[in-house]
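Asker: Residue-level listing of the chains:
2 protein chains.
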Amino acid sequence: MTRAECQRMLTNNRFAHLGCIAKDRPYVVPIRYVFRDGAFYSFSLPGKKIDCLRANPHACVQLETLVTDEEWQSVLLEGLFQELPDDEKWHGQHMQAWSLLQEHGNWWEPGAYKPDAGATESADMHPVFYSIQIENLSGRTATNA
Amino acid sequence: MTRAECQRMLTNNRFAHLGCIAKDRPYVVPIRYVFRDGAFYSFSLPGKKIDCLRANPHACVQLETLVTDEEWQSVLLEGLFQELPDDEKWHGQHMQAWSLLQEHGNWWEPGAYKPDAGATESADMHPVFYSIQIENLSGRTATNA
Numbered sequence: 001m002t003r004a005e006c007q008r009m010l011t012n013n014r015f016a017h018l019g020c021i022a023k024d025r026p027y028v029v030p031i032r033y034v035f036r037d038g039a040f041y042s043f044s045l046p047g048k049k050i051d052c053l054r055a056n057p058h059a060c061v062q063l064e065t066l067v068t069d070e071e072w073q074s075v076l077l078e079g080l081f082q083e084l085p086d087d088e089k090w091h092g093q094h095m096q097a098w099s100l101l102q103e104h105g106n107w108w109e110p111g112a113y114k115p116d117a118g119a120t121e122s123a124d125m126h127p128v129f130y131s132i133q134i135e136n137l138s139g140r141t142a143t144n145a
Numbered sequence: 001m002t003r004a005e006c007q008r009m010l011t012n013n014r015f016a017h018l019g020c021i022a023k024d025r026p027y028v029v030p031i032r033y034v035f036r037d038g039a040f041y042s043f044s045l046p047g048k049k050i051d052c053l054r055a056n057p058h059a060c061v062q063l064e065t066l067v068t069d070e071e072w073q074s075v076l077l078e079g080l081f082q083e084l085p086d087d088e089k090w091h092g093q094h095m096q097a098w099s100l101l102q103e104h105g106n107w108w109e110p111g112a113y114k115p116d117a118g119a120t121e122s123a124d125m126h127p128v129f130y131s132i133q134i135e136n137l138s139g140r141t142a143t144n145a
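Residue numbers (the numbering used here), protein chains in the order written: chain A, 1 to 145; chain B, 1 to 145.
A portion of the hints provided could be inaccurate.
Which copy is meant is left open, because identical chains are indistinguishable; a pair holds if it fits in one copy or across any two.
[Claimed, not checked] Quick list of in silico lysine to aspartate or glutamate cross-link-like pairs, EDC-like style, CA-CA up to 20 Å: (1) Lys48 - Glu135; (2) Lys23 - Glu135; (3) Lys89 - Glu5; (4) Lys48 - Asp24.
Everything labelled a hint here was simulated from the structure, so no lab data went into it. Computed from a prediction, not measured in an experiment: that's the story for all the values here.
Produce the complete structure using the sequences and hints provided.
Answerer: Here it is in structure tokens:
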């Protein structure tokens, strides 16, 4: 698949699997994401996945569309985890991620977070927004032709 | 989820995502598998996934069933890759894996391999059968209740 085809598939989907490394062991979780204008955004409540990515930022995201067992497309995005906190440096990217991700409503994990809503929530219920800085993007396709 | 619930979910499904480590980077691929009597079997043509697992046998398998965004189950199996070649030591396990996997026909990658069919196929078209020796099995569930 060309880079443009990989990007189109990322743009047209919202669900994928993220791989990261947890103390030298592989770890895989399903995630919701948004891919827009070449940038990959996702979010998560704090937990093992975020702990792993903070310790080792190497991540991969794999998604597939299956038509039949013989007709499928699979895309692999490899890159670096970049946390997008709501601080001076990252505020713009944080708002961009929040804005794109909240368009798709009530996902996998509670999405009730609103920026600037004050410090009423405890830190462990505060979603972590992040992007993955793409180092490599590739795709494979199989057709029944 | 209890261990029995995790095993039931593995038994009732055939499609999951496997994570492994490729030269200190995470790597994720979709796989077809069979889980029977506590044993996890899969197969693959030679390639990056098999190269990685031979170099570092730590693997994880994650599968989910999604009813809605708020109602899902996710199981994570962590363990060690064990190749099952058709040799003196592993012949029985090799045949067991082949027998279970071929029940489900023409999967993802060509399944036309037949044991003892002779050496007419080149090694790079010869599927690699393997199991994952379970070290840890866990699951999470979310309900809309």
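Asker: Taking the hints in turn, state whether each one holds.
Answerer: Verification of the hints:
no., hint, result
1, Lys48 - Glu135, "between (23 Å within a copy, 18 Å between copies)"
2, Lys23 - Glu135, "between (22 Å within a copy, 15 Å between copies)"
3, Lys89 - Glu5, "neither (32 Å within a copy, 45 Å between copies)"
4, Lys48 - Asp24, "both (14 Å within a copy, 18 Å between copies)"
Of the numbered hints given earlier, the model fails hint 3 alone.
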